[in-house]
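Protein sequence lines, in the order shown, are assigned to chains B and L.
Position 158, counted from 1, in the first sequence is what our numbering calls 158; the numbers after and before it change by one each time, with no gaps.
Position in the second sequence (first residue = 1) + 208 = our numbering.
These are computed hints drawn from the structure, not numbers from a lab.
One or more hints might be untrue.
Derived Cβ-Cβ restraints for the label pairs, each shown as a range [to be verified]:
(1) L:Ala502 to B:Glu143: 51 to 59 Å
(2) L:Glu341 to B:Arg181: 40 to 48 Å
(3) B:Pro206 to L:Leu490: 47 to 55 Å
(4) L:Pro372 to B:Gly144: 38 to 46 Å
(5) B:His48 to L:Leu819: 54 to 62 Å
Negatives, chain B to chain L, calculated, CB over 12 Å [what the hints assert, rightly or not]:
(6) Gln18
(7) Val21
(8) Gly32
(9) Val37
(10) Val42
(11) Glu54
(12) Ala55
Glycine included, C-beta positions come from ideal geometry on N, C-alpha and C.
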Amino acid sequence: MTGAHADHEEDLLESLLQEPVPDDDELAARLGLEPAVFDQAVAAAEEHGRIEREAGGRFRLSREGRRVARRIARRHRALACFFEELGMEREAAEREACTLEHGLSDEAIARLEDHLRCPGPCRERPCETGRDTDGQSLLDYGEGARVCITAVRPCGRYRRLMDMGVVPGEEVVVRRRLSNRAVVIEVKGCEIGLSPECAATVLATPCP
Amino acid sequence: MPLKVALVGNPGVGKSLIFNQLTGVGVEIGNYPGSSVDLLSGGSCFQHERVEVLDLPGVYSLEDGAETDALVRRVIADESVTAVVAVLDATRLERNLYLLLQVAEYGRPMIAVVNMIDETARRGAAIDTGRLERLLGVPVLATSAATGEGIDRILPTAVLEARPATVEVPYDHHVEAALSSLSRTFGADRREALQALQEIGDDAELLETAAAVADEIGRRHRMSASQIIATNRHNHARGIADEIITPGGGAGRRIDRLLTRTIPGIPILAAVLVGMLLVVFLVGGVLEEYIVQAFDRFLMVPLAGLGLPPLLTEVLSSVVLALQAGLGIAFPYIFTFYVLLAIVEDSGYMSRAAFLADRAMHRVGLHGEAIIPLVLGFGCNVPALMGTRLLPTRRERTIAAFMITMVPCSARTVVISGIVASFVSLAAAFSIYLMVLVLILLTGLVLSRVAPGPQLGMVLEMAPLRRPRPDLVLLKAWLRIKEFLYIAMPLLLVSSVILGLLGYFGVIAAVQDAFAPISEGLLGLPAYASTALLFGILRKEMAFETLVVLAGTAELDTVMTSLQLYTFAVVSTLFVPCISTIAVLRRELGSRLAALITVYTVVLGLGIGALIHFAAG
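The whole structure should be built from the sequences, with the hints applied where relevant.
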């Protein structure tokens, strides 16, 4: 199922939390969905066992559906609350939360699923190589160079780099470059060795 | 409730030294409930009450997502821990404060210990601990574990004066907004919410929502939420460090330049490794002889003379045999090796070695870090396999496990030296090493191809070079050998008795007959050699001892040809890891991989043995 379909299903579930439950047409109108898309969302929700049809023909959330819907509503509230904290008007915050909630990219969702499947170090993603177009990395500086870190690509072992103090804005000195392209940098008074693929993820400019 | 104090800190801050001085003897290595990461604990006394001291593994952060971090998080959050002692390295205070700020967020009673204070004084720097105390809101002690200064004040201060820190990192306003939103909608406290934004926690719903919020923060900053959080913490740590440190001069690093240059770095690395093996070889050989002789003279011979019922004699002599071989290997070879290894580690050389070896290790799908467990394997495969936990991915752990299982450990060294070096030639003995090393490399090369996966790269702190302290070196070696004895000894005793009984009831003879075709046909070895190989599964060096017993003479060259002896040594070196190794493989990587590695080594051992037999015979 694509991200958009999942979104429509989520919208449907969330709106079914409201009492009284509107009829199909009104529901589709409220969600702003084309009839065909609406039917797809209904089919998906039914397939997941999240909604069931009442005797009167209206939809009702199943126990599982109610659980999912509550979860969605809570996420929605948290996002709205986040924007409000940032000083947005309540209504604008609600709107932003709404679009944002579904603006969650498939990648973000996939990442989250990855995380739930395997918490721990396997969350670390390898870096794609050959994408160093956005600036010079630590690999491009000679020994003794004093450089300022501009960005660290969020992949590979960036968590460890961050914890060692390799964060944007930090001033570091390239201490050693080995023939195997590994580098030793001095950061916060400590020397750390980086293998080439890690050094390539740290972008830096010469210090002013 | 018993008093419990936990030591937390970066790797290499002198935590172990402090722990050692606080607890004295009676140190235990154990697992924290629900975790497989080892934890040191020891007892101490304060005002007639027992205080349990926990030495947590050194970490750079509580939120790295690694297993060790998870353990440290759990211990800090554990309500039964009376006080958390955050140990800081005075010479790297800023980065150490980064960890302390994370610990402080737990709101648990804590104190801070600024260790290596003498080192800063030597460099002409000064640290205002009074000021630090006010900034953090917890008691701060200045100590030097090397000289013992201030160590005696740690327990009294921890037990009586520990309190939750008042220091609070001001985060970016987006992060703060996220924190209060998560607290309002989920009731998550500040620390839980911060961790949830970094994908850490147990509440799936909270994580899901936090991920949505973190994504939005990331989009607005073009920087991930965890990066922002880390940067905020680092900046706050710098602010504190700037306020309390009066800087001095730097330390020299001339030797370091030599060690981390390709030339002479690589030759030095090779010399260090070969030198270690040679020392183990020489010292171990001499010591082992004494121990084996002592056992024979004071236990074996008297036991045989007692005239006990044969079954009882069999069982008792199996027990003595297990002790003899266990101690005869453990102390002379493994302990010597661990002492040398501790010297190399404590001097700070290991990280230079890892750095130099990075590219070579890359070829076999590993990183420089993996050289540490691989070298450890020359002592004993068991702790080496446990050392693979340091590696970042399961793929790397798997490749390393395959390779380590093939590394000729000290027990296999006994077989090679006892059979080949003694009866064939020294050159032949070295050729076995060479052959095994080539096979290890080939295995790594093939595995790195067939097991594609992410190569995350290596980030390794280059700890300053130090002169190792003899007492610490011995302690480290002792703790390691203890771990080895705990795991290996019970297995040795049980399996030795079982094998003794099997022999007594004639089962071994039946097995020998069954394996005779393999032994004679495939490898060109006498039938009893298969029994010796089977005993080798128990402990590798037993292959040698059993062979001597079954051949009926210690002069093996009178009953077997040089080629047969050579083949025997190669096969027993390669095939099937010993029973303790299999047990650890199972624990670390699961039954399937343990079985796979075992089968692989059997096939490899028999294959190479047959190859030698048919090519040379």
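Consistency of the hints with the structure:
1. The beta-carbon spacing between L:Ala502 and B:Glu143, approximately 56 Å, falls within the hinted interval of 51 to 59 Å.
2. The hinted window of 40 to 48 Å between L:Glu341 and B:Arg181 holds, with their beta carbons roughly 45 Å apart.
3. Between B:Pro206 and L:Leu490, the C-beta spacing of about 53 Å keeps the proposed range 47 to 55 Å intact.
4. For L:Pro372 and B:Gly144, the Cβ-Cβ distance of about 44 Å falls inside the hinted range of 38 to 46 Å, so the restraint holds.
5. With their beta carbons about 59 Å apart, B:His48 and L:Leu819 fall inside the hinted range of 54 to 62 Å.
6. Look at B:Gln18: its CB is around 19 Å from the nearest CB on chain L, clear of 12 Å, so calling it non-interface holds up.
7. For B:Val21, the condition that its CB be more than 12 Å from all CB atoms of chain L holds, with the nearest at approximately 24 Å.
8. No Cβ of chain L approaches the Cβ of B:Gly32 within 12 Å, the least distance being about 21 Å, so the stated non-interface status holds.
9. Against chain L, the non-interface label of B:Val37 holds: every CB pair exceeds 12 Å, the least being about 23 Å.
10. In this structure B:Val42 is separated from chain L by more than 12 Å, as the shortest Cβ-Cβ distance comes to about 24 Å.
11. No beta-carbon of chain L is positioned within 12 Å of the beta-carbon of B:Glu54; the least distance is around 28 Å.
12. The non-interface label for B:Ala55 is consistent with chain L: the shortest C-beta to C-beta separation is roughly 33 Å, beyond 12 Å.
The structure shown violates none of the earlier numbered hints.
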